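**Q** Turn these sequences into a full structure, and let the hints guide you.
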Amino acid sequence: MPEDLEGPLAVLGGRPAFDVPRSTAALPTPDLEEFLRNSRTFFDIGRYTDSGPTVRRLEAALAEFHQVEHVVAVSGGFWAVALTARLVATSGRPEVVFPSLTYRRLADLVSWVPLIPRFCEVDAATLAMTVETVDAVMNDNVGLILGVHPIVGCADSARLEAYADRVGVPIMFDSVESTYESIGGRRVGGFGQAECFSLHASKLVNGFEGGYVTTNDAQLAERLRRARGQGFNNEGDLEEVGINATMPEVHAAASLACLARVDDIVETNRALYEAYEDALSGVQGLRLLPFDIRFRPSYKVIVVEVTEVWPLSREETLAVLHAEGVLARPYYSPALHQKATGYEMRFGDLSLTDRLSERFLLLACGERTTPDDARRVVSLLVSAADNAEQVKKALA
Amino acid sequence: MKRRPEDFAVNGGRPLFEDPVPFGQLYFPSWERYENDMRALWARGWYTNHGPLLQLFEERLADFFGVRHAIVSTNEAIALSILLKASGIRGRVVLPAFCSVGTARAVTWAGLEPVFADVDPLTHHVSRRTLRDALESAGDDHGPPVSGAVFANLWGTAAPRDELEEVTRAHGLTVLYDSAHGAGTEVTPGIRLGRFGGAEVFSFHASNVLSCAEGAAVTTDDDDIADRYRNMRCGYGIPRRVPVPTTSNGRASEAQALLGLAALDSFDEHVTHNHAVHLAYTDSLHDVPGVTLLEGRGVHRSNGSYVVAMVDAAQYGMTADELARVLHAEGVGVGRYFGPGAHHLPPYVQDPTHRRPLAGADEVSANVVQLPVGGRTAGPVAQMIAELVACASRHAPALRRQLDDASANPGK
Chain A
1 MPEDLEGPLA VLGGRPAFDV PRSTAALPTP DLEEFLRNSR TFFDIGRYTD SGPTVRRLEA
61 ALAEFHQVEH VVAVSGGFWA VALTARLVAT SGRPEVVFPS LTYRRLADLV SWVPLIPRFC
121 EVDAATLAMT VETVDAVMND NVGLILGVHP IVGCADSARL EAYADRVGVP IMFDSVESTY
181 ESIGGRRVGG FGQAECFSLH ASKLVNGFEG GYVTTNDAQL AERLRRARGQ GFNNEGDLEE
241 VGINATMPEV HAAASLACLA RVDDIVETNR ALYEAYEDAL SGVQGLRLLP FDIRFRPSYK
301 VIVVEVTEVW PLSREETLAV LHAEGVLARP YYSPALHQKA TGYEMRFGDL SLTDRLSERF
361 LLLACGERTT PDDARRVVSL LVSAADNAEQ VKKALA
Chain B
397 MKRRPEDFAV NGGRPLFEDP VPFGQLYFPS WERYENDMRA LWARGWYTNH GPLLQLFEER
457 LADFFGVRHA IVSTNEAIAL SILLKASGIR GRVVLPAFCS VGTARAVTWA GLEPVFADVD
517 PLTHHVSRRT LRDALESAGD DHGPPVSGAV FANLWGTAAP RDELEEVTRA HGLTVLYDSA
577 HGAGTEVTPG IRLGRFGGAE VFSFHASNVL SCAEGAAVTT DDDDIADRYR NMRCGYGIPR
637 RVPVPTTSNG RASEAQALLG LAALDSFDEH VTHNHAVHLA YTDSLHDVPG VTLLEGRGVH
697 RSNGSYVVAM VDAAQYGMTA DELARVLHAE GVGVGRYFGP GAHHLPPYVQ DPTHRRPLAG
757 ADEVSANVVQ LPVGGRTAGP VAQMIAELVA CASRHAPALR RQLDDASANP GK
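These protein sequence lines are chains A and B, in that order. Mapping the first sequence onto our numbering, position 301 (from 1) lands on 301, and the numbers just tick up by one. Each number in our numbering comes from the position in the second sequence (counting from 1) with 396 added on.
What the hints contain is simulated information worked out from the structure, not anything from laboratory work. There could be a bad hint or two in this list.
[As the list claims (entries may be wrong)] Ranges of calculated distance between the beta carbons of each label pair, as one might list FRET restraints:
id: 1; chain 1: B; residue 1: P753; chain 2: A; residue 2: A218; range: 37 to 43 Å
id: 2; chain 1: B; residue 1: A755; chain 2: A; residue 2: S182; range: 55 to 61 Å
id: 3; chain 1: B; residue 1: P540; chain 2: A; residue 2: S351; range: 36 to 42 Å
id: 4; chain 1: B; residue 1: D558; chain 2: A; residue 2: G92; range: 44 to 50 Å
id: 5; chain 1: A; residue 1: A218; chain 2: B; residue 2: A755; range: 38 to 44 Å
id: 6; chain 1: B; residue 1: D529; chain 2: A; residue 2: A136; range: 52 to 58 Å
Computed from a predicted structure; not experimentally measured. Virtual Cβ for every residue (Gly too), placed ideally from N, Cα, C.
**A** What follows is the structure, encoded as structure tokens:
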């Protein structure tokens, strides 16, 4: 162990534990030679974008990965969700239901479609939206259910899908956080009308920037292909209100190379998770959110609940870690309904979300964080708890 | 060269180009440069979120365009949709009827309604007269107020800024320029497009002269627009936090910036090549009746990124559409931008306010073709294409008969 640990915490005047900050982003690295080989495919024929051979190969590989019929690659996860929502939502019904405790840009995103967020609660134990929390806010203005998954574990997509069917509202999923997972033996990707994913560098598969939509609906896939290229069909006629959301070939070359080693990435993630699990097992007041193997987890992110027993607040805990070069982040906080926006949002009582948005934090993870780093992060946390009074005073 | 009608590929002859000549600028770094820069990028481990290459690219672009802010984004349509919101335009916005449909799409995604202005068939640009007509008709139809205008600097030429801005000033409109094609075009010696109106948007799509494969930049000297734009683009690269109505994702990656930096390094070379290709076309086409190449009016030096031919069907013997089909069959990548105009396309066509006749735009759409110029079109290839255009004119009646038959029996 490095000598820094012997010294005081950085918030108490010591040296930061990490010279190079450890973040919560996955940042997986592909095999560089494979990336270059993939690049040759488009370089040699001079086709740099507009669904060239590399993007088409990526779409086929992702279809196999998710066990779905169709994949449409786009410029990013944001536009994957926005384009799909525009095509799938029932017109004349302006509301879209999703939890407030989710991705920080999701309400902004649907404002572009344009749809009005109607926030639902999540389950206190799983942090996932459920049929019950959706049903509690369902009304005649709802034209779309936007399923999302918590960062650890999954929502019950099959039940949500059956519910949406029953009430006659289309359902799509933003499954960015559950790219690798299975639910009830079905791979994520095949639920609802469509599911959307990100290939941003911070995600499971690093394609620099990028996103894609999976679906088993051939007609929807065709409409999405048109929509990502402004809306033209093969005959040059304009049919959809699309926007250019084309993935350049170079991003597909990186995505393909990363996807090729995704099982290795998950193994590495698991080793890190187990190191955290071990190190945190004796720590009172911090509860590591467990991955449930029934979901075939990717172990991508480490989330900890700060319980009443822990002597520091979550914000104090984050400040301690930031000072050490650990870029820990609060979990979906502030929640979406707590932010001021330039568009309308609709919601009722979200007191559970209010409480949950103050309780969780994400610890350093990804390929740049080693199991040794994990043990070091936990020792820093233990040291902060041991010196809680001093830490509080220093941060006050 | 093709001596008889039977020699043409539409008649079953061998295509002039076995390997089709692709349309678009299609410049790309050498493999050596790409590999070296990519190895360094992966070693650095910074992939996106306003990384070091993107920061350098923005600095160099600000210098290139001579502006305070050059903000790099995913692509032009997404950049324009964000810019429209960042510049505070509300209600309706004037845009050319002859323009990329992406411009109209950006307007729609920004929650605005388009008012289409006709264009002058000689210049392809909105004029003082057509702008006044558009504003007058918008005033009559009781729709939401018009608060902005987007003019297009097409083909490496420039819209007539002075006369247009005289009108927009009188109406208090915010002006943006869709300068998709215009990177590096000098309006006067040493002064490039990029500094005009509230802001301009440039496309760095592979088909344009400065390519990131996909990409765009917003250029402006207006600090407020720049701040709002940066706050809406993504969560990174924000020197000053300001309130914005919503945010988007308009990020560009380090890979895109890497390509853009290489394109800047070779920019002068690419423009020189473009002009050489232009010369090859002009030399071979100047005595072909009914084909006129659009001159870069209103600019000191165009970037040469598009070769735009206007076809007078009566003189040439074929319509632009027929010529495009003949060339396509020969393996020539031909552009048919922008036909039909956005006012003929859904959802705009369903709106009765867009049913105003826009004769100039319709005329240009019907008569225009763009010929290949760029990194994959050598000068001698351009000369062969020009000769093909000349030959096709001589055999026009026979070729038209063949095209009519093909249209009547599309299965054949």
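**Q** Does each hint fit the structure? Answer for all of them.
**A** Status of the hints after comparison with the structure:
| no. | hint | in the structure |
| --- | --- | --- |
| 1 | B:P753 <-> A:A218: 37 to 43 Å | holds, 40 Å |
| 2 | B:A755 <-> A:S182: 55 to 61 Å | holds, 60 Å |
| 3 | B:P540 <-> A:S351: 36 to 42 Å | holds, 39 Å |
| 4 | B:D558 <-> A:G92: 44 to 50 Å | holds, 46 Å |
| 5 | A:A218 <-> B:A755: 38 to 44 Å | holds, 41 Å |
| 6 | B:D529 <-> A:A136: 52 to 58 Å | holds, 54 Å |
Of the numbered hints listed earlier, not one is contradicted by the structure.
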